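Protein chains: 2
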Amino acid sequence: MISNLLTEAEQETATKIKLLKEQAGTHSPSIFTIAEQVPELNIKVDACFLSNPYATELFLRYLKDELINTNRMRDVLEFYPSQNSVIAGILSDHLETAPKNIFIGNGAIEIIQAVIHNFTRRKILINIPTFSSYYEFVKEGVEVVFNKLKKEDNYQLNIEEYLRRVMDEEPDTVVLINPNNPDGQYIKWEDMRRLIHELRNVETVIIDKSFIHFAFEDENYELVSYTSMVDKYPNLVVLKSMSKDFGIAGIRAGYAVMNEYRISGLLKNGYLWNSSGLSEYFFRLYVRQDFLNEYEKERIRYIKETQHFFDQLREIRNLKAYPSKANFALIELFNGITSSDFVTSMLIRYGVYSRTCSDKIGLEGEFVRLASRTREDNEAILSALKSLLG
Amino acid sequence: MISNLLTEAEQETATKIKLLKEQAGTHSPSIFTIAEQVPELNIKVDACFLSNPYATELFLRYLKDELINTNRMRDVLEFYPSQNSVIAGILSDHLETAPKNIFIGNGAIEIIQAVIHNFTRRKILINIPTFSSYYEFVKEGVEVVFNKLKKEDNYQLNIEEYLRRVMDEEPDTVVLINPNNPDGQYIKWEDMRRLIHELRNVETVIIDKSFIHFAFEDENYELVSYTSMVDKYPNLVVLKSMSKDFGIAGIRAGYAVMNEYRISGLLKNGYLWNSSGLSEYFFRLYVRQDFLNEYEKERIRYIKETQHFFDQLREIRNLKAYPSKANFALIELFNGITSSDFVTSMLIRYGVYSRTCSDKIGLEGEFVRLASRTREDNEAILSALKSLLG
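From first to last, the protein sequence lines are chains A and B. Numbered per our numbering, the first sequence spans residues 1365 to 1754. Numbered per our numbering, the second sequence spans residues 1365 to 1754.
Take the hints with a grain of salt, since some may be wrong.
Note that the list lumps identical chains together, so a pair holds whenever it fits in one copy or between two copies.
What the hints assert, rightly or not - Keeping only pairs whose Cα atoms sit at most 30 Å apart, straight-line, the calculated DSBU-like set for lysine-lysine is:
1. Lys1503 / Lys1380
2. Lys1380 / Lys1487
3. Lys1750 / Lys1428
4. Lys1503 / Lys1514
5. Lys1408 / Lys1464
6. Lys1750 / Lys1487
7. Lys1596 / Lys1428
8. Lys1632 / Lys1503
9. Lys1428 / Lys1408
10. Lys1514 / Lys1408
11. Lys1684 / Lys1487
12. Lys1428 / Lys1382
13. Lys1632 / Lys1668
Treat the hints as calculated values from the structure; they're not laboratory data. Bear in mind that the values here come from a model prediction, so they are computed numbers and not experimental data.
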């Protein structure tokens, strides 16, 4: 056991880290919380953190030029941001759907909560492993049914089996995360189109495309969008976080495209001012061609570096890196190390903060999730892995 | 009619403004929306905006020193902020209650929504005039009963009558906004203490103290807090926006103190990450003595200037400024001008954006609400008023 190799002081630190993780439940404690509560750590790389660092830099550059250096920062902090429907109007052209079909969230998580609380009444079918909020946020009385993705399929969704399961279970809500979290498996556009059509009689089909900007169909890296399909399939709820691809988790921005009746229902008694000044600034930037052109370069650069990182991960002994088209890879650990010991050792010894998947239902074995960061950070992760496992 | 005095071009602008107001429903369109949609306007003073501008300056100074000039801004934008319960822990000492009794909101409005959606099941009693979200956010099937505050009492709550009304109606929820919005009437601490005690059998007593930092019992201007009373009265929900007193509406920050069982219920299936990086930064600042000492000076300075502004308002002909201990005054207009014409004329002619109260139920007559801004802005408001009405 690796933990036996830690010094007494390191053991104490390990205990603190594990306690923080327990307190945070099915999510990782933030790097701020870790740094504050365990000050002896020297955290160098946050490999928990699913975010394009080059996009953060790009956003910061705009923020500096347009808000900080112009004193417009005050406007963004002082005044009330626009209402939900006003920001929806800003996104309309870009999302190729009418403003009335667009709902803005304080992060995608607020939209997940709103959708599950308001539209899921009876039974929800969720593929596992998954992002835990999808089953944690269901209200009392709603049945949660899991569709277990198979390890032998590398957790790729088997569409035929899935559709049979939907027929058998008759859920009122299904969730498809594409690429899926925590494994990064991607359902291709043609398959998604078929799935959406076959699921047309399910009351609510949630498609979470929070990681779609990291996926690709081929070497053209063209962006895939499902938002315009909501017109044809009113049962669809296509939602997306802006935290990962744009590297702005601290701003809390997300959107969903769904049928106008759902949105007017939600806005009727809530969610009017859930954007901050900075998220409104971001959304206005997000539809600007000058920003998008630069963003597109950073997106493709990051995809290439990420896939290169995954290739190198596959070379490392004592682990399996599952195929992924997200910006993270699911890693299975061999040779007896537990994921919890792996995480604490990586953090204490190498300053690399990684995500244990010990709380993820549907995974059997010792799993961690590693995010792709900058090229330099990825090399630090690889070197730590080689040292710890090799 | 004033509108007849507007030129043709001004009439067109007036129509645009009125349309925007209609679209925004029972709330004012933001100054951003107005400026964008009606570019011909030269807006100089936002007298809709209930916010201490000196506190904004103070916050900006800290932000500049601690985030912008140190490159820590990136951390705040890039990383996930802490969870709700972590931020609750930061506020605990300052609010004199345990972290488990503290709930953090994406603005007070999110808390109002959460409380009304989750804890109001049958009947809510609301004093009018009021902040409209209290009745707009109720879910289907909940009865809304209004307790009409009396014009002849200057909209001051009559406690005996109110308690009789509560006895008669047997609501499961009552709302007390102190000072009240839009009239600024203040219920003194002794009376509040009595009210809280007398209301101990009402299932949920919401006390909205969003404007309490502008109120005062006497010339010492000491802050009044009800948060520690939640221990003794578990039916209390004391909630507060940070937008007004700290001048940071764009950040979206609010908190509530309420019984731990309510909070664990809310956090069980939602609201885990509803703070942004900037709101977390604000909350960390908010409990620091160095910041609070400086804030206290700006708060008292602003109260004094505000009360001076109200004194001068009372000198102006053709209006009545109702007594207020908030940072706004309810103004009744005489001599035949409608509040809508007043608002558009003030905006077009003098660049002063004010809030019509024509949508406020419980007000009979022509009412607007004027916010107190900087001393200079207040003088511009007074001069515009004199010119328009005098």
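Identical-chain pair category, Lys1750 with Lys1428, by Cα at 30 Å: neither (39 Å within a copy, 42 Å between copies)
Homomeric proximity label, Lys1380 with Lys1487: Cα distance no greater than 30 Å: Result: close neither inside a copy nor across copies, 38 Å intra and 47 Å inter.
Within, between, both or neither, where Lys1514 and Lys1408 count as close if Cα-Cα is 30 Å or less: Neither, since 34 Å and 63 Å both go past 30 Å.
Homo-oligomer pair classification [Lys1668, Lys1632; C-alpha up to 30 Å]: neither (44 Å within a copy, 39 Å between copies)
Within, between, both or neither: Lys1503, Lys1380 at alpha-carbon 30 Å: Intra 33 Å, inter 43 Å, cutoff 30 Å: neither.
Up to 30 Å CA-CA - Lys1514 versus Lys1503, copy category: within (28 Å within a copy, 42 Å between copies)
Copy assignment of Lys1408 with Lys1464, given that the CA separation must stay at most 30 Å: So Lys1408 and Lys1464 fail the 30 Å test inside a copy (44 Å) and across (32 Å) alike.
Intra/inter-copy verdict for Lys1596 and Lys1428 if alpha-carbon distance must be at most 30 Å: So Lys1596 and Lys1428 fail the 30 Å test inside a copy (41 Å) and across (49 Å) alike.
Alpha-carbon proximity context of Lys1632 and Lys1503, limit 30 Å: For Lys1632 and Lys1503, both the intra-copy (20 Å) and inter-copy (9 Å) Cα distances are at most 30 Å.
Homomeric proximity label, Lys1428 with Lys1408: Cα distance no greater than 30 Å: Intra 25 Å, inter 25 Å, cutoff 30 Å: intra and inter.
Alpha-carbon proximity between Lys1750 and Lys1487, which holds within one copy, between copies, both or neither at 30 Å: So Lys1750 and Lys1487 fail the 30 Å test inside a copy (45 Å) and across (63 Å) alike.
Status of Lys1487 relative to Lys1684 across identical chains (alpha carbons, at most 30 Å): Neither: 34 Å inside a chain and 58 Å across chains, both beyond 30 Å.
Violated hints, listed in ascending order, are 1, 2, 3, 5, 6, 7, 10, 11, 12 and 13; each of the other numbered hints is respected by the structure.
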